[in-house]
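**Q** The residues making up each chain are set out below.
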Amino acid sequence: MSTNSIQLAHGGGGLEMNKLIRNLFFKAFDNCILRNEEDAALLNLQGPTAFTTDSFTVSPLFFAGGDIGKLAIAGTVNDLAMMGAEPQYLSLGVIIEEGFPMASLETIVASMASELKKCGAKIVCGDTKVVPKGCADGLFLNTTGVGRIVKPGLSAKRLMPGDAILVSGDIGRHGAAILMAREGLELESGLVSDCATLWGAVEQLLVHPFDIHAMRDATRGGLSAVLNEWAAASDVMIEVDEAAVPVSDEVKGLCELYGFEATDLANEGTFVMALPAAQADGALEVLKRFGHCENAVIIGRVGESPAGRVILHTPWGSNRYLDLPAGELLPRIC
Amino acid sequence: MSTNSIQLAHGGGGLEMNKLIRNLFFKAFDNCILRNEEDAALLNLQGPTAFTTDSFTVSPLFFAGGDIGKLAIAGTVNDLAMMGAEPQYLSLGVIIEEGFPMASLETIVASMASELKKCGAKIVCGDTKVVPKGCADGLFLNTTGVGRIVKPGLSAKRLMPGDAILVSGDIGRHGAAILMAREGLELESGLVSDCATLWGAVEQLLVHPFDIHAMRDATRGGLSAVLNEWAAASDVMIEVDEAAVPVSDEVKGLCELYGFEATDLANEGTFVMALPAAQADGALEVLKRFGHCENAVIIGRVGESPAGRVILHTPWGSNRYLDLPAGELLPRIC
Amino acid sequence: MPNQAINEPDSSLKLKSLYEGFRDAGTIRALAARINSAAQNLSEPLYIMEVCGGHTHTIMKYGLLGLIPDNVKFIHGPGCPVCVMPKERIDQAIALAKMDDVILLTLGDMIRVPGSKGSLAQARASGADVRPLYDPLDALAIARDNPDKTVVFFAIGFETSTPMTAVLLQQAEHAALPNLLFHINHVLVPPAIDAVMAEPATKVNAFIGPAHVSVISGAKIYRRAADVHHTPVVVSGFEPVDVMESILRLVELKNLTESVVDVQYSRAVSEEGNLTAQALVDEYFEVRDSFRWRGLGPIPQSALKLKGKYAHRDAEIHFGGRLPVQEIDDHKACQCGDILRGLANPMDCKVFGRGCTPQTPLGSCMVSSEGACNAYYRYHGVQHVD
Amino acid sequence: MPNQAINEPDSSLKLKSLYEGFRDAGTIRALAARINSAAQNLSEPLYIMEVCGGHTHTIMKYGLLGLIPDNVKFIHGPGCPVCVMPKERIDQAIALAKMDDVILLTLGDMIRVPGSKGSLAQARASGADVRPLYDPLDALAIARDNPDKTVVFFAIGFETSTPMTAVLLQQAEHAALPNLLFHINHVLVPPAIDAVMAEPATKVNAFIGPAHVSVISGAKIYRRAADVHHTPVVVSGFEPVDVMESILRLVELKNLTESVVDVQYSRAVSEEGNLTAQALVDEYFEVRDSFRWRGLGPIPQSALKLKGKYAHRDAEIHFGGRLPVQEIDDHKACQCGDILRGLANPMDCKVFGRGCTPQTPLGSCMVSSEGACNAYYRYHGVQHVD
Amino acid sequence: MCLSVPSEVVALHDDEQAITVDTLGVRRKVSRHLLSDEIQIGDYVLIHIGFAMNKIDKEDALESLKLYKEIVEKLEAENHAQSSHQ
Amino acid sequence: MCLSVPSEVVALHDDEQAITVDTLGVRRKVSRHLLSDEIQIGDYVLIHIGFAMNKIDKEDALESLKLYKEIVEKLEAENHAQSSHQ
Ligand code: SF4
Ligand code: SF4
Ligand SMILES: [Mg+2]
Ligand SMILES: [Mg+2]
Ligand SMILES: [Mg+2]
Ligand SMILES: [Mg+2]
Ligand SMILES: [Mg+2]
Ligand SMILES: [Mg+2]
Ligand SMILES: [Mg+2]
Ligand SMILES: [Mg+2]
Ligand SMILES: [Mg+2]
Ligand SMILES: [Mg+2]
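Residue numbers (the UniProt record's numbering), protein chains in the order written: chain A, 1 to 334; chain S, 1 to 334; chain U, 1 to 386; chain Y, 1 to 386; chain R, 1 to 86; chain H, 1 to 86.
Watch out, some of these pointers could steer you wrong.
[Said to hold, decoys possible] With a cut-off of at most 30 angstroms between alpha-carbon atoms, the simulated DSSO-like pairs for lysine-lysine come out as follows:
no.	chain 1	residue 1	chain 2	residue 2
1	S	Lys151	A	Lys122
2	A	Lys288	A	Lys252
3	U	Lys149	S	Lys133
Keep in mind the hints are simulated off the structure, nothing from the lab.
Take the sequences, apply the hints, and build the full model.
**A** Below, the structure is given as structure tokens:
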């Protein structure tokens, strides 16, 4: 029974913790930097480097298309990729609630290890805390990543009138999948989260001579948040053809049922890109080679005014602002 | 009332979260990398770099001598310092329980900002999550740090017979202070945590031509854990003169009352160092210039056998092993 | 229902057509053309009030204001049951939620609406047990799982949602769950229409009637608006095509000076409505003498309460002395009342966009995305984009 | 107490001297020299059993075994009340803790000790409400704050701790807290000594008596060990100087072949003990016919239970049919019984250090840092260091 | 708030007065306490906060859609006439 | 388990049958239900799981310490004699 679930002793800094770290984490993430077990990992970095952090508190921990482990790797790796950086090294902070099933922890760790393989990044340092029953909701993860910047200059501030806006796939699937998995809602559908590591696709984009201005994964706040942040940061207007924005039937169904907007729902493997309109088709052609980007499409353009705002065009010729979502977004999606 | 406590909406990725981040975090940690608000911070790093992470789940959040904010900065900065690295850039992951008092959050953030000043490191990226009431115990922090290695080669594997073992101050104060602050125990004393940023003292040590073999802050698991890990990693015996280990009266009193060993109690601003015995007095002389290291002292030596074990010598000529602590260490000290 | 005898389902109607067919761009454009053409014959501007926030939402989300001519104007109605809730009722919900042995349940957005000292969300943040539901029947399991607690369902909604509360109460009785109580805030649409029209200076001269209310209550409930207030009413669906068709019909009725009740949403609305639902509501509820609406003030016979024989389920009775009764007036600067009658515009309000924003609403019209001020705050000016 | 009439506190005794004076290196060295010299006169090896785990702890922590000659040997006694708890009693605690309406309270280390299917810590990890206390009186507030729950104090300890349980029970009666019950596992030292000596082949021929037990019960309880088993007993304090002085006295008594009870810890132990505490214990407790000790098996009259008039406080009665009663034997390979009698050495056990470690104890001697196998596991071999 | 969505009945659970409905691929169980009509698999119903409110008249809906088609065609014909007139 | 620590009485709370004690600088309130003796500030008591168990006889303790001093001195004298004898 002692190995069936996490005990407070697993976080005590003593024997039991050492065992957990060696038998579980070291085995799954094996690499020689990690095994050094020093106060800090030793890296050799040269030049411009991206550095990003995210904590993961998603509920439930397992959902169609992934789990918190996959999410924690993909999320941080994607943030590096969005800055034109090759994901190289990750840290992992684990906060576990006493009584958490060891089998679930093993599944989550395995899922992290398998996601790491997709981009070649390594977990090189970590930290484990165990808190008493009731002091956390199962498991929280933090991943922080560093990576060499392959293509400098990508920035939310660099959008320019004349840019095309692309999305890499249909939107809202992660937020919808989490909602479907939520206890008490008892929904069923074939929907799976878009949760995925984007580095493969981004790496290919970066080897081409596209003058990409900005990329961003449309996580919390969804497409609305990315576009509004970009419009504000670059002081431009962004216009979107509502009919061009890809949304799956199931996400539409969920939005109908609960009054959500697909543009507000989170994504975890879908990103937005701005680059000169003339290069948009070329970029699409590259993106569509990747399974999870096969629905990539141009959804809009960058204009000048009203600066800082995002305009949605309906197919019947009317317009409205696309707003930043407000209020609590239930459930916890990351 | 809306600004008196944290609401789920503060973690929704929308307007309320933007406000919280800008009005609180950006103001306190102001620097231009952080203000970029991209998916990742842009750093320029050259050569050997240390990379370390820690999550902080201490309970209670406020204790004599510090709070979780001070701890989160000092803890990660110290891990960098222990590797001979200058603390440069930190990420900050915040997990907040719905209903957490805004005033407490502000105090903690101010405490982080003030601790950062002591070493010159900057928080350059962050992440905020809010979880529903009951899903976390107030506030959890994660800090992950990177820093340029000033003195390469420090390692738990480098201890050699003939090395002296130094501690930078009296031990066990952090663990004891947390215990004293624990609700329900109702203890009173003048004891304060040793929680402190060590970079100032370490920086001075590093400018001298000492051949330091290893440094480690004696956090969870206390002095026992550091010495046992070192003995194992370097495959040496470490012997300690029990009477030489500095312990304050209050820490002794607490150990008497509850049957703890001071060597098992956590420290958060006290470190252990191994260097050739001939250089030990010189290093002590440098250390003692710093207020929080004025009790620095030589406590033992490195020998050969039994390799991997730590021996305590009593003043009356008997010996015993100093063991790795086991079992749960109540309360949560970091 | 208009046609209860359909026994041969026409296989040519796909479910998807009920969405896509009623959002069709060509149809919307065609209806817009017809509206613009018909409106040229209007002898005076048409001021249409859409009573229901669901319609406000459709109008804003699909940008319909940009498609209609200047002499067809919208006056956004009392919004939604969430927005019209007076602060003292929210204060009562908060007082209940804060009691140690009470679990307070309510639907969706309600937890964000501020009472006199914060919202249910804030009460929850400070420890009160507040649980938002998507489905009222979930209250049964919560009551069953917490026999030591009193579970209070803070019931809100227009005629559309009242039958669901009735079913919940019925099931609680059947399952003999003594610990499930009700705080009833169900409001009625016709008295709100009367209140808007009671202002002599009101500009409203046409209504779009909420179809979901009529799915339950039938089209008959709008007779009085047509007969007494001499305003045409079109009972409209919520898709953009539905609303455009309803506008067209209103323009046409106005040109004909006909004050009738017309049912655009005939695929789901009948004259009589859902009789099963009505019977259930009659079993459990009776009309209150008066109820204060945020923005509109007290309106006689505009809300429901539990009948005396269900007093054992009535949280207002059970917790009688322990609930705050202080009536809280709207903010002095707030012009919602005038806005709801078409006498003022959100921009006329001094605190609009300054003290009063969707994050910090001072008046009812700013509370939800379905309120007039909220809609103006978020969308004003967009029509002028190229 | 030896001298109840001290009215002029001697200001020359600092509290710190009670720690430092009894840990003084010079004194320990001097006593070691005396022991080594006196032991040369021993006609046969001295096998001292320290009955109490507190003494085992002192001997190990201060490395005292390294200071005494080869013909003075220690046999570590039944350890501590935690280690001797039979698995079925822990199973009962776990069963109680797992009940929805029960909060189980116990002292410190107890939560780590495995029963037949895991420990209380593991039960807590899987959701049972188990709360370790540092102070039994904290149970009062917990019972008061949880009127809907039954709060069970899983009471453990030798004579030292029984009066504290008695005070808690007294206070629960005074405060009329009906929901605070007791699961009594208080054990007695003298019957354990008898059980060790009942084995004809036992090597034990001297005892260090636990002084804290005698602070309550007086030195008188060891008379029988001296008189019937003809073994000298020194009632010893817990500081290293106390233990060294006690060893010296035992060697000297053995040389004189005197089987007497000698009180080394005279600064706190009297012949009669704490009469107030004894009276409280008598009020609430009576002796059980028999109690199973882990490692030693059933020992007659070796433990206490609540008196019949406090049956309403007795968790064993209250939860009678719902507690597991299956007696769980020690692991077959476990030699604790022999080790406790000095007939075997931890190293003789086949599973020592393999199947049985402090993290996964199979027998009682491995459970806490005060057990013989545990001490061997952690310290064996250290004497031979340079 | 008064959100009601058309959905297709895909399963009947008469014992629990419930039906399973499908909304664009999302399935959930809802109460049918408020439905007095006969309900069959394949029927379309309006769903509001976990309840089926009533059946949708498919024929009526089809008629509406047919009418819209005519309006669009008429407008196109007019536009065509206008533009060819120019 | 039977851990008991000498502590100094620093405050009396007769109304709640409690005293405050100081253990090497750590102060806490403990029960005095088990103490039948008069208790004064400055007394030394043994503390076990939140209870004062009894008073420590200071004179007896001083006597022990005096005895130890003598033993040590005697040993030193013997050693000195031995080494100067050599
Ligand atoms: S802006 Fe706010 S205060 Fe002014 S009328 Fe609108 S809701 Fe009322
Ligand atoms: S090693 Fe374990 S099993 Fe063997 S005698 Fe000791 S306690 Fe029993
Ligand atoms: Mg460290
Ligand atoms: Mg990030
Ligand atoms: Mg991210
Ligand atoms: Mg760590
Ligand atoms: Mg991102
Ligand atoms: Mg670290
Ligand atoms: Mg650390
Ligand atoms: Mg983030
Ligand atoms: Mg409550
Ligand atoms: Mg329980």
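**Q** Look at each hint and say if it fits the structure.
**A** Against the structure, the hints come out as follows:
| no. | hint | in the structure |
| --- | --- | --- |
| 1 | S:Lys151 - A:Lys122 | 24 angstroms, holds |
| 2 | A:Lys288 - A:Lys252 | 23 angstroms, holds |
| 3 | U:Lys149 - S:Lys133 | 19 angstroms, holds |
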